[in-house]
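**Q** For reference, the chains in residue letters:
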Amino acid sequence: MEERLIATVASALRVPKSVLTLHTGPGDLEAWDSLAQINVVSEIETEFGVSIPVEHVTQIQHIRDFLHYLQKTP
Amino acid sequence: MKCALLSNVNVESIARQMVRHEVYIAQGYGAWTRELADPASGTLSFGPSSVFLIIDGAELVRGQRGLEPTLAEVCQHLAYIERAAERLPGIKFFVSTVDVPARALRPLKEEHVERRLEQHWHAGIARASASHANVYIFDLKELVEQVGRSLLYSNKRWYLGGLRYSTAGEKLIAGELERILDAQLVARKKCLLLDLDNTLWGGIIGEDGVKGIQLSETGEGARYRDFQLRIRELGEMGVILGVVSKNNETDAYEVFDRHEHMVLRKDDFAAMKINWSAKAQNIAELAQDLDIGMDSIVFIDDNPVEREAIRTELPEVTVPEFPTDTCELATFLGRLYKDYFFTLASTAEDRKRTEAYLTNAKRAAERTAAPSIEQFLTGLGTKIFFTRAHDEDLARAAQLTQKTNQFNLTTRRYTEQELRALQTTPGAEVFIASVADKYGDNGKVFASIVRRDRHGTAELDTFLMSCRVMGRFIEDQILDQLVRELRANGLSRLRVQYIPTRKNTPARAFIERLQGGRLLSDEESGAQTWEFDIAKASPVTKPAYAELRTQPMRFFKVLP
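For the protein sequence lines, the chains are A and B, in the order given. One rule links them: number in my numbering = place in the first sequence (from 1) + 487. One rule links them: number in my numbering = place in the second sequence (from 1) + 39.
Bound conformation, chain B alone (with noise of 0.2 Å):
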């Protein structure tokens, strides 16, 4: 990914650490407010997807005399980096926080006005954050906190280079970058399945009872109690949470329903298997149960036999070593977020889905209930809206691109500035539609990139949707919805391409229920090509199920 480093002081030697990416540094680190404010800068001409600001404390304050100017000038940082985040949307700036040491001589009776310059730029990159989507915190500040000044910084580097950090503090901060480079590449991990006994309390439930087992406020059961309060912040982040455990239900949910201290409750859980059934068992159903792939989880079980016999049977699920301190499980915890489940900024989409998951399990239920699959589908009152992407979608419609992995015809993925720059791309659109039902929300679960030709033909680049809302004939649906807006738009043929993965059986599917097509190539890999005629007729053949409505759309305003 291209990236740029700016910073008040030498970064370089940062820069050529993080050798899988594409690193800019800007000529002469005292100037990194001109590479802001100037469009034709090195820094802004190198097309970085995204900054990084990497602010020094010491050198931001040096020469300063007073605590009024200095705050003042501060300010005119800041809005720098504000303005520069307005005037170029596409582009996510990562302001570091400060780290500003005192002067080592101080009297006692002396303010510590260095506390009060990080505040001011901290409470500033806070609003700044707040206010502009592509602003993000990077927390230098945390790093120096962790590790020690002594252990980040260098004086001898400092004096012969310019360069602040030792080559620790230096690997450190690039393995920070990279992971946040990383972060918009790699899909993370979806789910994070636990184990009980042991794990989300000490003790066994079913042979020391629920007053017996370790966990409360303070003392030695607060290990588990912090480690389950970081759970439920994973959780509230988007990360579907299970349960396996070889017990009794009754006995586990005794714990769950009566225990004072118990942080996590049933329904922070979208899934459950607590029985005496194999681990490997539980998982794949749960898999199944919860339309996710085995390679999206993160199993934890304080056993080891249990932890081999997964790594073994299901290869492609995580399986963490489990810290034998369980004094470190709440840290054991934030390394499994960073490691697996790191994420720029929780979506509104993101905290949505665990609550997505659990109505679906209710879904589920009643459609064992309901006579008929019609009338089941029918019966769920689903409402589908159909529209152009907008500027705002683009993130959410980049995001289900990097995730799909079921429903998804081809598997290609963008990224948000990838979108951006296609919405202006002739012949290109970019679609998205979100769903709900009587249920709940399930927000915006559907993406399409369609591109047309001079001729007449229009072609699905990208056409995905969430397992969240598969097998109820959605897609089909948007579908013939699209077929009316192509045709409307004097479109006449719709080519569809089909690209095998290890995972997209669904959209196969999908397109064998398709009618009237002719196959336009068969490849070796699977990989196939279809053209419908759609001047009068519509390859979908399943009936609406759920309520559409759409915006009137003209697209592809310019031709190709």
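Just chain A, with the same shape it has in the complex (with noise of 0.2 Å):
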């Protein structure tokens, strides 16, 4: 899962997966803009199949609070 979360991350932000741990975060990378922000939650949305309500987008810190939604979710 975490793997599949930073590979799904990486791609939406088109940078390689070795830069990313499960604390980078927006803020983090020069590619993580909030533009990017959106691809992300989008490109997470679609590979697992969940939906994130627009009110949790923006408390996202870090990629492990993705996983944390992951996990809640069924």
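FYI, nobody ran anything at the bench for these hints, they're computed from the structure. From a predicted model like this one, the values you see are computed outputs, not experimental measurements. Be careful, since some hints might not be right.
Claimed, not checked - Quick list of simulated restraints, FRET-style, between CB atoms:
1) B:V344 to A:E517: 46 to 56 Å
2) A:P540 to B:D364: 49 to 59 Å
3) B:S531 to A:A518: 16 to 26 Å
4) B:E562 to A:M488: 54 to 64 Å
5) A:R491 to B:C366: 35 to 45 Å
6) B:K210 to A:L554: 24 to 34 Å
7) A:A518 to B:R593: 50 to 60 Å
8) A:R491 to B:N314: 55 to 65 Å
9) A:R491 to B:T351: 33 to 43 Å
10) A:R491 to B:A348: 41 to 51 Å
11) A:R491 to B:Q462: 50 to 60 Å
Unchecked claim - What the simulated footprint calls covered on chain A by chain B, stretch by stretch (three residues with Cβ under 8 Å from a Cβ of chain B suffice, anywhere in the stretch; the number is not a length):
12) 514 to 525
13) 547 to 555
Don't be surprised by glycine CBs; every beta carbon is placed ideally from N, CA and C.
Now that you have both chains on their own, put them together as the hints suggest.
**A** Set out below in structure tokens:
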């Protein structure tokens, strides 16, 4: 799950997987601006078949926050 | 390529996907009309060669009350586009069609006014495209219809960032935009070769007979008829069509001559190889007859063994897989068009091409009948019209530099925009020539770019001619005329460069028959530069076989 999540984020940001850890977040990378954040959310929604509420999107600080969210999803 | 995206929604995410090109996005996506109207705007000062207008239908009509004022506003938007296109002839404008979703809650008694708005916009951009050579239609609405709104749009992305399209939708749009940009850079394929049995019709003519094959207006046989209709469209766009089939020629011809549902006729094809020889051999011969490179051929055959044989023996020929479900034949051809033959606008020259290749075949037949090559060449009644290129010639001149591989001394590729710039460059001139003969008009088939220095030396930057008229020493006669013109303009030396490629051996043969040259450089790559003293003599040795007309030419008005 973690690996798949990082791969998905990397593909959305067009960066190599190696620059990302679960602790990377918006602001840590030049490529991860507010527009990229929307793309990250969209790609995760598509990849994992989930829907992340708009309210939650702004609260995400690190990749691991997505993980917590995905794990909560049945 | 430098391009700009203008939109009434946020398209930055689309631009980010177009990594192979330099893409400019205007700041603040509401202001696309201002970006067009203001010559100092970020978009226009970026210097794009293509501008894409991606117009979101819902946003176009947002906040509008009533149909009439909305239509008026749409007219105004269209006027901005037309004015920009007029002012900036060097920029290609690709204007999107629009998708205006209806208000979701609508009584059935109420008219679907959004349809009218769409129509109004589409009629407007069709007019703009018809009256301006540099306005094209980007059919966004077609994409919406193909994929569906629920997949192309994303509500969440809209509310989060003004992004109208889903990530999948953005990929699709970015792909289409890149295809349009690439089409301006990459040479498209020239020739589509088709098998007959189980390809143009269902069944095997040698076994089933004319009455037994599947080919009809409706029902199962319509799969093949629809396929043929699409192939004919491709031919009308200037793609050369040919047949390569293992059959008895008489059997196959019977279908062409007698089957009532046959769409394609024998004269739709520039060449037909219907015999029992290996297809690779037939294709090689056909390429030679038509004077085209193997890498400009796409070969379609339902038989996997034949496909494999061609892939192995003629690896440069493109051999797509054949659809396993023959209901998809027409769709398959649509994809072939997009992948190999895509073009922005088929020029009149393109449409003439198949005709020209056809008459070429007739000319070849005449060559065998005529007693000597000289008599043959004189008997063709060739007329050359050679002139300094005018603005309206530049699109064709650029196309010639992009497509011509065989008789091309330097194989330098130019875009229309670059040629336009060249015309105003001191000491540079673009020339063009058209050729006609007793069989028909070949159109503009020759282009040359000449640069001069301050000391009386001219240099052929580019000297090329379409293979349609090769082998008739037309190039010799044009060079002879060019030398005269240069002399009249006070030039005394001519430098001719030859840069070898895999395909331009005909150009080498041309260099070798010129006389009186001094070899200035002879590189390991085979590249050579020759210098000719043209003050009194001409390097051309061949006699004139054609009648050559020119316009009085004053050129190099400004010295470098």
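**Q** Three or more residues of the region 514 to 525 of chain A near chain B by CB distance under 8 Å?
**A** Check passed, 3 qualifying residues.
**Q** For the range 55 to 65 Å, tell me whether the beta carbons of R491 of chain A and N314 of chain B fit it or not.
**A** With Cβ atoms ~57 Å apart, the hint holds.
**Q** Would you say the C-beta atoms of R491 of chain A and C366 of chain B sit inside 35 to 45 Å of each other?
**A** 37 Å, holds
**Q** Take a look at whether the Cβ-Cβ distance between K210 of chain B and L554 of chain A falls inside 24 to 34 Å.
**A** This hint holds: roughly 25 Å between Cβ atoms.
**Q** Given the hint of 50 to 60 Å, is the C-beta distance from R491 of chain A to Q462 of chain B inside that range or not?
**A** 57 Å, holds
**Q** Go ahead and decide if the range 49 to 59 Å is satisfied by the Cβ distance of P540 of chain A to D364 of chain B.
**A** Since the Cβ atoms of P540 of chain A and D364 of chain B sit about 42 Å apart, the hinted range of 49 to 59 Å is violated.
**Q** Establish whether the coverage given for the region 547 to 555 of chain A by chain B is satisfied; the threshold is a Cβ-Cβ distance below 8 Å, and no fewer than three residues must meet it.
**A** violated (count 0)
**Q** Note whether the CB distance of V344 of chain B and E517 of chain A lies within 46 to 56 Å or breaks it.
**A** 53 Å, holds
**Q** Given the range 33 to 43 Å, decide if the beta-carbon distance of R491 of chain A to T351 of chain B lies inside it.
**A** Distance hint for R491 of chain A, T351 of chain B holds at roughly 40 Å.
**Q** Against the range 16 to 26 Å, how does the distance between the Cβ atoms of S531 of chain B and A518 of chain A compare: consistent or not?
**A** 59 Å, violated
**Q** Could one say that the CB atoms of R491 of chain A and A348 of chain B fall in the range 41 to 51 Å?
**A** At 43 Å between Cβs, range holds.
**Q** Has the hinted range 54 to 64 Å been met by the Cβ atoms of E562 of chain B and M488 of chain A?
**A** Holds: the Cβ-Cβ distance is about 60 Å, inside 54 to 64 Å.
Checked against the numbered hints listed earlier, the structure breaks hints 2, 3, 13; every other hint is satisfied.
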